[in-house]
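First to last, the protein sequences are chains U and R. Per my numbering, residue 1344 is the first one in the first sequence, and the count goes up by one each step. Per my numbering, residue 1344 is the first one in the second sequence, and the count goes up by one each step.
No lab work stands behind these hints, which were simulated from the structure alone. Hints are not guaranteed to be accurate.
Note: identical chains are not told apart, hence a pair may lie in one copy or across any two.
Said to hold, decoys possible - Straight-line C-alpha distance at most 35 Å; calculated DSBU-like pairs for lysine-lysine:
| no. | residue 1 | residue 2 |
| --- | --- | --- |
| 1 | 1508 | 1687 |
| 2 | 1687 | 1495 |
| 3 | 1346 | 1495 |
| 4 | 1562 | 1346 |
| 5 | 1689 | 1495 |
| 6 | 1508 | 1346 |
| 7 | 1817 | 1689 |
Number of protein chains: 2
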Amino acid sequence: MSKQAVDVLFVHGNVFTMGGSGVGAIEDGAIAIRGSEIVAVGRTDELLANYEAPEVIDTSPFAILPGLIDCHVHTPEALLRGVAQDVPDYMERAMAPFSRALTPELWLAGTRLNVIEGLKAGTTTTMDFITPYPGWAEFYDSLGVRAQLTPKINGLAPDAMSTAKGGLYAFDNAKGRRMINAALAFADRWQDEADGRITVMMGPQAPDMLSPELLREIKDHADRRGLRIHMHVAQGDREIRQMEMRYGTRSIPFLEDLGYLDEHLLAVHLTEATDEEVRTLVRHGASMAVCSGCIGLLDGIVPPAALFRSEGGYVGLGTDSASSNNCINLFNEMKLTAVLNKVKAKRPDIIPAWQALRMATIEGAHAIGLGDRIGSLEPGKQADLILIDLQELNLSPVVHAPVRNLVPNLVYSASGHEVDSVMVAGRFLMRGREILTANERGIRVDAQAASEEVMRRVLADPAHRSLSLLDAMKADDL
Amino acid sequence: MSKQAVDVLFVHGNVFTMGGSGVGAIEDGAIAIRGSEIVAVGRTDELLANYEAPEVIDTSPFAILPGLIDCHVHTPEALLRGVAQDVPDYMERAMAPFSRALTPELWLAGTRLNVIEGLKAGTTTTMDFITPYPGWAEFYDSLGVRAQLTPKINGLAPDAMSTAKGGLYAFDNAKGRRMINAALAFADRWQDEADGRITVMMGPQAPDMLSPELLREIKDHADRRGLRIHMHVAQGDREIRQMEMRYGTRSIPFLEDLGYLDEHLLAVHLTEATDEEVRTLVRHGASMAVCSGCIGLLDGIVPPAALFRSEGGYVGLGTDSASSNNCINLFNEMKLTAVLNKVKAKRPDIIPAWQALRMATIEGAHAIGLGDRIGSLEPGKQADLILIDLQELNLSPVVHAPVRNLVPNLVYSASGHEVDSVMVAGRFLMRGREILTANERGIRVDAQAASEEVMRRVLADPAHRSLSLLDAMKADDL
């Protein structure tokens, strides 16, 4: 019998398919790829007997994993990396002048830095949540990665938060509707474009930032078009206070009444969600994005990801932003999610390594509604995968028996720089740590220049004189 | 006036001297080095006006920091990386058969892997706590790094822990005395050898593992020779139970009575120390080594490092072991120490980045009694320093005003692979990520072979059948 022709055949790898309920480990594993799709996964001898390819790649020094999924990030903020750390008043006394100075024409430079930083650490799918700007989706398209893009919809009046003085934020429905319309236009243009690599979600920013009327309109639009909802939920006591003042209830019961809690909701953060509210979300089929690094650094809080998952919900991992979390790196998120939840529970067996790896791959894929396309290495799925160099010292030695040590080391020891190659939809975007579809140096230099423009503006803004970190500068602590 | 001749002049770097009470930031900074010592540190224009050198190195793309100090590690266990993760019964049902199989003739392979892994992540000084074996100190000497070596002294009868069945461990003073004598002979041979790069501490393993008689003898020897004490203290409820059963008191009051609490004590872990006990330690001048990664993963505990430091004590960071913590990387420890303490305190301003950086450098140096030689970049100190590539995407952009973003990014975003070059005592040990004084590939291959020998022995040991992780293997979770 003749062999089936495929385009690429990876052989002799340490494959983790993330299929089934565990990690799907295959020693001496192989993967056959045709076009953008995985055709077969199995033992090397099996696949070599059945497939032939012009490109047969020996991956014996590598672990092969599905590409990692960043379930929540605001990419332009990469330009503000590290300017607002370790302060109790992050938004008002640390970020505010930087956020104002980071105007839309500079955002692309931040998005590009963020996305290639993630790519070099194995991220192949990015859930980017921002106000759309020209070139945003085009960059993802040209780079060749996968993205689920969420145009932000905010229905607050300008300066509503700073003028509220402890009272209710003022709504501006006209502004909110303009943002809804922009989001719908964006979805019309980009949903399932770029050979299906780009998908779109609706992004009401938070339950306290839009009137119930607009929240209902957004949900109606989303349901009619089959779009999912990506939303900050129960993020901080500030939000909960607004909800209680305005509606006499908390965010999650409010959203339940409004019909938001279903399998199309990706709820981000949930820092304030009670155990009962977590169970409510899971019962309705909603998913969660946990940003362990960001929330740990900004709030000293460990969100209820372990409970959400143990109740049967899907939890994906998010980096949130380089301005809060400093690195755009899902290896960092896997490790922090595991360690922080062990500390929260005071138990070492909470979020074992394999669960963190599933959150970064297949469970994250389900959480964002792409579980049928990505997240595991199985026939019929898209060929989004990463090769991780097991010859890096921090992944040595490699042990297969009596217990395999690769998964714990990938979660607790790898830092992302061990990612040697990245493939998305059957196409190599990085090989031997060289990005093939963008100019890394040019992107870094442009980001540096854009950041310098931001800083010039901040220095010209008198508000910068009340930055709390100026004291740290004077004290020689920065 | 003619310029002073030095051997190496680093110019145009982002220097963090860690002198003073902060980070000692010098923009466009320079460092002059003669022999093993730092001669001058200052602005580039100042140093170029006063010094000349055959080697003038442009370090404009780099941050320059003191070499990092690993204040507690058991190096041979690098061969057991990742074989015992996520289990509640780490010692008995996960590590025991591996520990037995890791016999002394294999230890050097583990030590070498551990130390060059650390070196590539910027560690220049290692506090290694193990039973001495032939070749141990010689390896540190030949590699050119700095080490403070602690021969382990344990006075328990063989199998005392496994046969105690909840009762008291049996002591074996004769065995303990043999280990004391071996430690003293080691100190006689190596204290201040290798041009002062190797120093020795006395290492009574823990307060419950030696009779009071031997503990007193060790302290007498140490005081007479001017050696410091490196000891696990208040590590786990197991130890506290032994102390209460045997002496009717807890570890720290017991050690206070015994005269152990002074400025020569480095107390490791302190997971069970009460706030009052922490204050007692600090009042006596003792220092602390905190192993945030290890203790977080194994116990889900955040040791009282923030309190120890805020009370005025010195706290250094330790990696502990690759078998518990998976990576030998002080960037990992800096980040985890900061994040975990924020979560413990529920406050983002606890352990800001600069404090974590000080723990990894100057405060760690003081904690191990080498604060006069290393830990900061100041004239008269040893030239132990690292160059960190700020062109790595996760450290971009670089911002100097209105607030500098380098220190937060070095702590929260760097992962160690950004370390480009390492110098110890004025000698480059790594440049452009190539280790110059050892064969990295050979060390990795030898460690792999040694680990395979360990695993063959474990598979031949029937005890491996009760490893709790065998269930995880069957469940496809590893």
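Structure-based check of each hint:
Proximity of residue 1508 and residue 1687 under a CA criterion of 35 Å is satisfied in both settings, with 34 Å inside one chain copy and 30 Å between copies. For a Cα distance limit of 35 Å, the shortest separation of residue 1687 from residue 1495 qualifies both inside one copy, at 32 Å, and across copies, at 33 Å. When the C-alpha separation of residue 1346 and residue 1495 is checked against a cutoff of 35 Å, the pair qualifies neither within a copy, at 49 Å, nor between copies, at 61 Å. In this assembly of identical chains, the alpha carbons of residue 1562 and residue 1346 never lie at most 35 Å apart, being 50 Å within a copy and 74 Å across copies at closest.
In this assembly of identical chains, residue 1689 and residue 1495 lie within 35 Å of each other by CA distance solely across copies; the values are 29 Å between and 37 Å within a copy. When the C-alpha separation of residue 1508 and residue 1346 is checked against a cutoff of 35 Å, the pair qualifies neither within a copy, at 71 Å, nor between copies, at 62 Å. In the homo-oligomer, the alpha carbons of residue 1817 and residue 1689 lie at most 35 Å apart only across protomers (26 Å), although the nearest pairing inside one protomer, at 39 Å, exceeds that limit.
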